[in-house]
Every structure is written in structure tokens, then in C-alpha cells.
Amino acid sequence: MSNLTRTYGPFLTGLVLLLTGVWIIALIILPQVNLIDRAFVYVPRGGEAQQAALELERAQQRIATIDFDIRATEKEIAQAASGGGSAGAGGAPSPSNPFAPGAKIGSSNVVRPGMPTPGLAPPAAPPEQRLKTLETERAELQGQLGGLKERADRLKAEQQAATGYSLRNFTTMSGLHWRIFGMTLVYSFSVTVLCFLVCYPIAYAVAQTRSPERVALLMLGLVIPYAINELLRIFAWVMILANRGILNQLLDTLGILDLAQGEAVHWVASNGAVFCVMIYAYILFMVFPIYNTIETLDRNQIEAARDLGASTWRIHWRVVLPHAKPGIAVGSIMTFMLSAGSISVPGLVGPGLHPDWFSQIIYRNYFEAGNWNIGSAQALLLLVACTLFILAVMSLFRVSVREIAR
Amino acid sequence: MQGNEVALQDVSMRFGDFVAVHPTDLTIRGGEFFSILGPSGCGKTTILRMISGFLRPSTGRIRIGDGDVTDLGPNRRPTALIFQNLALFPLMTVWENVAFGLEARGVPKAERRRRAEELLELVALPGQADKMPAALSGGQRQRVAVARALAVEPAVLLLDEPLSALDLKLRQHMRAELKAIQRKTGITFVYITHDQGEALTMSDRVAVMNQGRIEQVAATEAIYNRPATPFVATFVGEHNVFRGRVVGVANGHARVETPAGRFVGVNADGLAEHDEAMLFVRPERIALAEGHPEIDNQLDAEVERRDLEGPFVNVFLRAGGRPVVMHLTNVGDAAGRLDGRQRIGFAAEDALVLRAGQLASE
Ligand SMILES: Nc1ncnc2c1ncn2[C@@H]1O[C@H](COP(=O)(O)OP(=O)(O)OP(=O)(O)O)[C@@H](O)[C@H]1O
Ligand SMILES: [Mg+2]
Numbered sequence: 019m020s021n022l023t024r025t026y027g028p029f030l031t032g033l034v035l036l037l038t039g040v041w042i043i044a045l046i047i048l049p050q051v052n053l054i055d056r057a058f059v060y061v062p063r064g065g066e067a068q069q070a071a072l073e074l075e076r077a078q079q080r081i082a083t084i085d086f087d088i089r090a091t092e093k094e095i096a097q098a099a100s101g102g103g104s105a106g107a108g109g110a111p112s113p114s115n116p117f118a119p120g121a122k123i124g125s126s127n128v129v130r131p132g133m134p135t136p137g138l139a140p141p142a143a144p145p146e147q148r149l150k151t152l153e154t155e156r157a158e159l160q161g162q163l164g165g166l167k168e169r170a171d172r173l174k175a176e177q178q179a180a181t182g183y184s185l186r187n188f189t190t191m192s193g194l195h196w197r198i199f200g201m202t203l204v205y206s207f208s209v210t211v212l213c214f215l216v217c218y219p220i221a222y223a224v225a226q227t228r229s230p231e232r233v234a235l236l237m238l239g240l241v242i243p244y245a246i247n248e249l250l251r252i253f254a255w256v257m258i259l260a261n262r263g264i265l266n267q268l269l270d271t272l273g274i275l276d277l278a279q280g281e282a283v284h285w286v287a288s289n290g291a292v293f294c295v296m297i298y299a300y301i302l303f304m305v306f307p308i309y310n311t312i313e314t315l316d317r318n319q320i321e322a323a324r325d326l327g328a329s330t331w332r333i334h335w336r337v338v339l340p341h342a343k344p345g346i347a348v349g350s351i352m353t354f355m356l357s358a359g360s361i362s363v364p365g366l367v368g369p370g371l372h373p374d375w376f377s378q379i380i381y382r383n384y385f386e387a388g389n390w391n392i393g394s395a396q397a398l399l400l401l402v403a404c405t406l407f408i409l410a411v412m413s414l415f416r417v418s419v420r421e422i423a424r
Numbered sequence: 033m034q035g036n037e038v039a040l041q042d043v044s045m046r047f048g049d050f051v052a053v054h055p056t057d058l059t060i061r062g063g064e065f066f067s068i069l070g071p072s073g074c075g076k077t078t079i080l081r082m083i084s085g086f087l088r089p090s091t092g093r094i095r096i097g098d099g100d101v102t103d104l105g106p107n108r109r110p111t112a113l114i115f116q117n118l119a120l121f122p123l124m125t126v127w128e129n130v131a132f133g134l135e136a137r138g139v140p141k142a143e144r145r146r147r148a149e150e151l152l153e154l155v156a157l158p159g160q161a162d163k164m165p166a167a168l169s170g171g172q173r174q175r176v177a178v179a180r181a182l183a184v185e186p187a188v189l190l191l192d193e194p195l196s197a198l199d200l201k202l203r204q205h206m207r208a209e210l211k212a213i214q215r216k217t218g219i220t221f222v223y224i225t226h227d228q229g230e231a232l233t234m235s236d237r238v239a240v241m242n243q244g245r246i247e248q249v250a251a252t253e254a255i256y257n258r259p260a261t262p263f264v265a266t267f268v269g270e271h272n273v274f275r276g277r278v279v280g281v282a283n284g285h286a287r288v289e290t291p292a293g294r295f296v297g298v299n300a301d302g303l304a305e306h307d308e309a310m311l312f313v314r315p316e317r318i319a320l321a322e323g324h325p326e327i328d329n330q331l332d333a334e335v336e337r338r339d340l341e342g343p344f345v346n347v348f349l350r351a352g353g354r355p356v357v358m359h360l361t362n363v364g365d366a367a368g369r370l371d372g373r374q375r376i377g378f379a380a381e382d383a384l385v386l387r388a389g390q391l392a393s394e
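Residue numbers (the numbering used here), protein chains in the order written: chain A, 19 to 424; chain B, 33 to 394.
These are calculated hints, taken from the structure and not from any lab test. As the structure is a prediction and not an experimental result, all values here were calculated from the model. Any given hint might turn out to be false.
As the list claims (entries may be wrong) - Stretch-level coverage of chain A by chain B, calculated; a stretch enters the list once three of its residues show a Cβ under 8 Å from a Cβ in chain B:
{"id": "1", "stretch": "151-165"}
{"id": "2", "stretch": "197-203"}
Stated by the list, open to error - With a cut-off of at most 30 Å between alpha-carbon atoms, the simulated BS3-like pairs for lysine-lysine come out as follows:
{"id": "3", "chain 1": "B", "residue 1": "Lys141", "chain 2": "B", "residue 2": "Lys216"}
{"id": "4", "chain 1": "A", "residue 1": "Lys343", "chain 2": "B", "residue 2": "Lys141"}
{"id": "5", "chain 1": "B", "residue 1": "Lys163", "chain 2": "B", "residue 2": "Lys141"}
{"id": "6", "chain 1": "B", "residue 1": "Lys163", "chain 2": "A", "residue 2": "Lys343"}
{"id": "7", "chain 1": "B", "residue 1": "Lys211", "chain 2": "B", "residue 2": "Lys201"}
Glycine is no exception: its CB is placed at the ideal position from the N, C-alpha and C atoms.
Please take these sequences and the hints and turn them into a complete structure.
Written out as C-alpha cells, the structure is:
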């Protein structure tokens, strides 16, 4: 602290500390607290209170529509009185016609069943009679409104009295969703393991390359795909794996299947495709930490092990892997977290065709069902699972936080 | 001792256009302490790596014992290498390090542990089995590396400047221990060093290398007393060099005309008259010649500086515009007061005449 002040001066130090504080509070603590808060508040959906609120809203909307129609009809009558009666009757636009100019002024232009049939055909009844009907209907509705409002308020108050912190967001989660949650962890773990199997040989090979130019070239090859937008990277795979995609066309060209006959391998309809794309998407997060640790391994140790008669397998098992442990831990944690939380990959690669990922369920709760509380609860579950995974990896690899930070 | 002899036949090593080791024939006898001595970059490590199997020679064959090992990998050769930086496994305990070779051979754990303890005993490291290498001192790590190499019962132990990281005291101590271990085990030691003192004190025989060529292979006395080339003469120990031309030869001796005078020395290369020659005299063979007319070669020199080394005094003189060094045994104050112009000299038997060539200091 005093060290910081000495290096950067009190003003800069203060600024940095302030920004860090703001960052931690605004971007980490507050959203997390909000998420946790939501997760433990249960908001029932489709209950009586909601039904009542809906009915009230509908009645209010209907009254607004009738008011508009009444005004239009009155205008029609006035016109008929002043000018030639026939012109108004035929030419005036239907008041409820949403395409008519001025129709949008009304509180609602939504066409609902049960409303007076809108259309270009002139209404059959004379305007005075229609006005009468509208006014009676309005009075009727107005009478109901009070009762509806009272009921809606009462139910809402009851419901609010019932809500409070509870575990209901978790306990009411369906068995299917729990299963998807579990499977997502299994999937993410599989992706992590597969990614490790792919990345370790790459990282080892690059780390063992002696000429610096070749290392730079290999690294460039690994990094270049990352210069491309993530979505494009995923879409590239969608193009490859689609039913009429590159891979199937290749198989078609090789005569293995006949696309014209409708034969196609449904690559995207399996989690294999999702795994494959995820490994591609997150490979760098595994390769770099492992490469960095292997790179620091003294080559003489590998040679010493070989000289003492160890097989390649044993050299890796006893010398290289133990040395690379911190890198493997970091890479695994990153890959696991990224794949468990990935929405773009399962969402873009054959959505709906492969088993759902939990991230998709969370997404739907937030943005399709509009139920942020359940969404928060599920997000929290995922967060806890990922944290447990980190702790498990760290204890399994006997890696301390300090080593990981290194 | 036939089983652990190492023979290189016409072995050479090229890296691209660069010849690291020129075609070499070399036989290292079974059970001997053999040193390869040479300046940095002369190809010592390259030879060692060819013997251990990490490098495949560009030409030639390598034989260990009765078997041709040229085509075998390092894990299948009866050699063990001790690396310059030791290359202990930092994440294994001391005993696991020592037993690693046994582990690779599938020896059961209890037996491994027992052998490791035995070997640690041999290298004077009892009771350290469960420590991590990082917890040991430099000398102790050195011993662990030796024990680890001995564990696989190699026919040949290859050591690449293993003592260079240690301080002088410890280095001298470890020299003695290595030598003792070598005697006890009867294993052939091939020891690489650029320290000529180390090579002379430890070895039975020494090969002196320069720029990818072995210039001389001989027992230590011969290397010191009868160097074969100007390079060996100046690389091993100190030598005064007088360049000149042979002006006469007679019964094994040659007379050389140098800027400092005409001197007679042993004509080891069989030079003839008019040949370019170099005459070498060790500083300790030069003596004060005042009143000693029996000394064959005499010259006048100006004392420039005296350094007391303890048992002897290093006297720097200048004769005929060239520096001359002489060691005077410290027998009192006389040597310390040596000053001004002096007559010095050396016997013909103590001077060596060789064909002119490259010197180590150049
Ligand atoms: N893999 C290689 N590729 C190219 N040149 C090499 C390689 N290995 C060694 N050399 C070269 O071969 C020469 C001999 O190297 P070597 O390592 O054998 O020297 P050394 O005698 O062991 O030196 P030092 O005492 O410094 O260890 C050096 O000039 C070195 O640059
Ligand atoms: Mg070397």
C-alpha cells in the first residue's frame, strides 16, 4: 500500500483504488447479490392473482376501445347531419379498422376476438343505434371494473404477503431440469477431459520445439482462429456439420452417402457436434496454460528420465505431467467454466436437436419465460457447481491459489 | 573389465555445415577414470551425448563392451549420464529420484526403497531419503545425482562437468569422493571438464580436445610432461613459449633460434633444420642461472613483477621483448627480493620442441 503510494503518487494510487473499488462493487458484488436475492424469492406464475390482474387489464382496454368507437360514431352522425347522408355512411372508415388513419390514437389497436368485426364493409346498423349499444356496453363494463380492481388488488396483496425468502425456486425445479443440470456438468467435464487430451500433445510438441521461429509459427496458427469473431468461429462449424454442410457434401462426393436421395448424417443432432465445437472454441484456454508450464520444464529432466530407461509414457506420467499440473488445473478450470456456461455453442449448433444444456434452460427462463427469479436460481446453481469444481480440481491437483495465479 | 570398455570408431558429428566433432577413434578402457578436457565449445558434450545415445553420430560406430550400441536409444544403453545441471526431479523425494531408474525397470517399491537407501549410504547421504531435492545443499544434490545414476548399475558413467556449480572447497572434496566411488564400483567413468586441474588430479587417462578434434590421449603424467601439440602444452598447465626456427638437430634434440636466444630442447616431433618450431618450458623448470654454467639454455631477463603464491613465487620477467614466467620455490626471503636484471636458464631435457601450431590462449 505505502509501496503503491511511493511508486505512483497519492493521486494515481487513489484513482486506481477508487476504480478498483467501483469495479468490484458495481460489477461483481452488486450483480451477484442481486442474483442471489432473486434466486431465493419465489414468484408464482399463472396463479389467481395474475389471472385477476389480466382480467382487469382486459376490461380497461375494452373500455378504451369503446370510448374510441363512441367518438367515431358521434363524428359520423354529425357529418351525416351537416352533409349528404349517404357519403358518410359509405365512405367513412370503420372506427375499429386498424388501417384507418387515426385508428392508432386509441388505447389499443389490438384486434381481439369478440370485438365488433372490423372491416371495410359499412356497418349494417344506423349510427344512432350503434352508439346506443356501445354506451350500454361501456356502462356495464364500468360497473364491473370496481369489483375486478378490488379483487386483483386483494389477490396481489395476499401473494406479496406469501412471498419472502424461500427455497421454492430450487425445490420447484422440475426433475427434467435437475437432470439437465447434472448432465450439463457431465458434458462440461467430458469437454474438459477431451480438450485436455487434444491440447496436451499440442502444448508438449510446441514446448519441445527448439527453433523460436517454429514456435512463433505454431503459436500463430493457434491464435489466428481467435482473431475471428466467436460467432463466426461457431458458424464455421455449423456450415461444416449441417445436414447439407461441407462434411456431408464431402461424404457425398466420396460416394459414402447420397445427398440427392435425402441421405445425410445428422451430425448436429448429437452432443458430439457440440463437444467438437466447444473443444475448438476453447482450445487456447487449455493449450496456453499447459504450454506455459511445460515450457519451463528443464529439458534435461526429460533426457535424464530417458537415460535412466524410462519409457515415453513413464516420462510423461512421472516428470512432465507433474510439472505441468498447475497449467492443467488452470486450463481445466477455464474450459469447464466456459463450457458449462456456454450459451452460444449449444444454442447455435443444432439447437433443439441435441440434448439441452443447462445454460439454454437459464437463457429461456430469463429471456423467453421472463422469469428472472427461476433463472437466477438456476444460474446460482451453476455458479456453485463451478466453484465446487474449482475447489475439487485444486485439491485433486494439490495446487494452491498462488500457484494458479503464477 | 572388457564389459565396460567404450570404443569410438571413426565417429564424427555434424550439425548442418558445422562439424562439432571431426572423425575420431577413441578407446576408453573398462574401469578407468577417463577425462575429456577442452575449452568451451570444443565438442566435449557432443561426444558424451553420442556415447549416451542422445545424439546419433553422423559417421562411425560406437561400441560399449562387446555390443554395438550405435543404433540404440539412451534408454537401452548401459550408460548413465550425470548432467551439468544435475537435472534431479524436483517433484520427487530424494529416494524416488535415486530409485527412478529401478522404477522404470519395474522393480517393486520395497526393493526400490531398500536399494535407494543403500546407494544413499554409498554416496554418504544417509537419512536424507525423504527430503525433497530443493531442501539439499549443492554438494548433497550432487551426491543424489551420482546415486541416481549408479542405481541403474551402468557399465559406463558419463559425467558432464558435474562439479562446475560448486565452490572450490566443495569441488575438491567431491573430486575425492567421486574418485573413491569410481574405485569402489569399478565402473568406467567418462568425465568431462574444462578444468585441467580437475582432469589431472582425478583421471587415469585424459583426452585433450580442441575444436572438435582430440589432440592427445594419454595418462595424466604424459599429458603434463610430454604434451603432443602446442595446444595441449599450453592448455594443460602453464608453459613459456618461444617461437622460432630449427637451426640444428642432433641425437633427439633440436636447437631453436628465437628472439630471446638460441635454445636446445627435446625434438619430440622429429623436426628438421629450417622447420618452424615452438619451444616450451614450464615455469617450474626455469631456475636462476647465475653461477651455474652447466645449465644448457641461459638468457638475461628483466624482473617485472612478483606474485607470492604461498609455496612458490610467481616471477614475471621479460626477455627479448617477450614475457617469461618462472616459479621459484619459496624457501625464504631470497625469492621475494628478486629484482632487476637476472640470468635465468633451463635444462635441454626440460624444454620441448614441437612443430609450430595453435596455442590454447590464442
Ligand atoms: N544441436 C546442435 N546444433 C548445432 N550446433 C550444436 C548443437 N549442439 C552443439 N552444437 C555446437 O557444437 C559445438 C560443440 O558443442 P558442445 O556442447 O559439445 O561443447 P562443449 O565442449 O561441451 O562446451 P562447454 O564446455 O561450453 O559445455 C559448439 O560450437 C556448439 O555450438
Ligand atoms: Mg558442455
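Structure-based check of all given hints:
1. For the stretch 151-165 of chain A, the proposed coverage by chain B is not satisfied: 0 residues have a C-beta within less than 8 Å of a C-beta in that chain, short of the threshold of three.
2. For a cut-off of 8 Å, the count of residues in the stretch 197-203 of chain A with a CB near a CB of chain B stands at 0, and the three-residue condition is violated.
3. For the suggested pair lysine 141 of chain B and lysine 216 of chain B, the alpha carbons sit about 26 Å apart, so the restraint of at most 30 Å is met.
4. Proximity of lysine 343 of chain A to lysine 141 of chain B is assessed by CA-CA distance (about 24 Å); at most 30 Å being required, the pair is judged to hold.
5. Proximity of lysine 163 of chain B to lysine 141 of chain B is assessed by CA-CA distance (about 17 Å); at most 30 Å being required, the pair is judged to hold.
6. Only pairs whose Cα atoms come within 30 Å are accepted, and lysine 163 of chain B paired with lysine 343 of chain A is accepted, the gap being roughly 21 Å.
7. Distance hint between lysine 211 of chain B and lysine 201 of chain B is fulfilled; the C-alpha atoms sit about 16 Å from each other, no more than 30 Å.
Violated hints, in rising order: 1, 2; the structure is consistent with all others.
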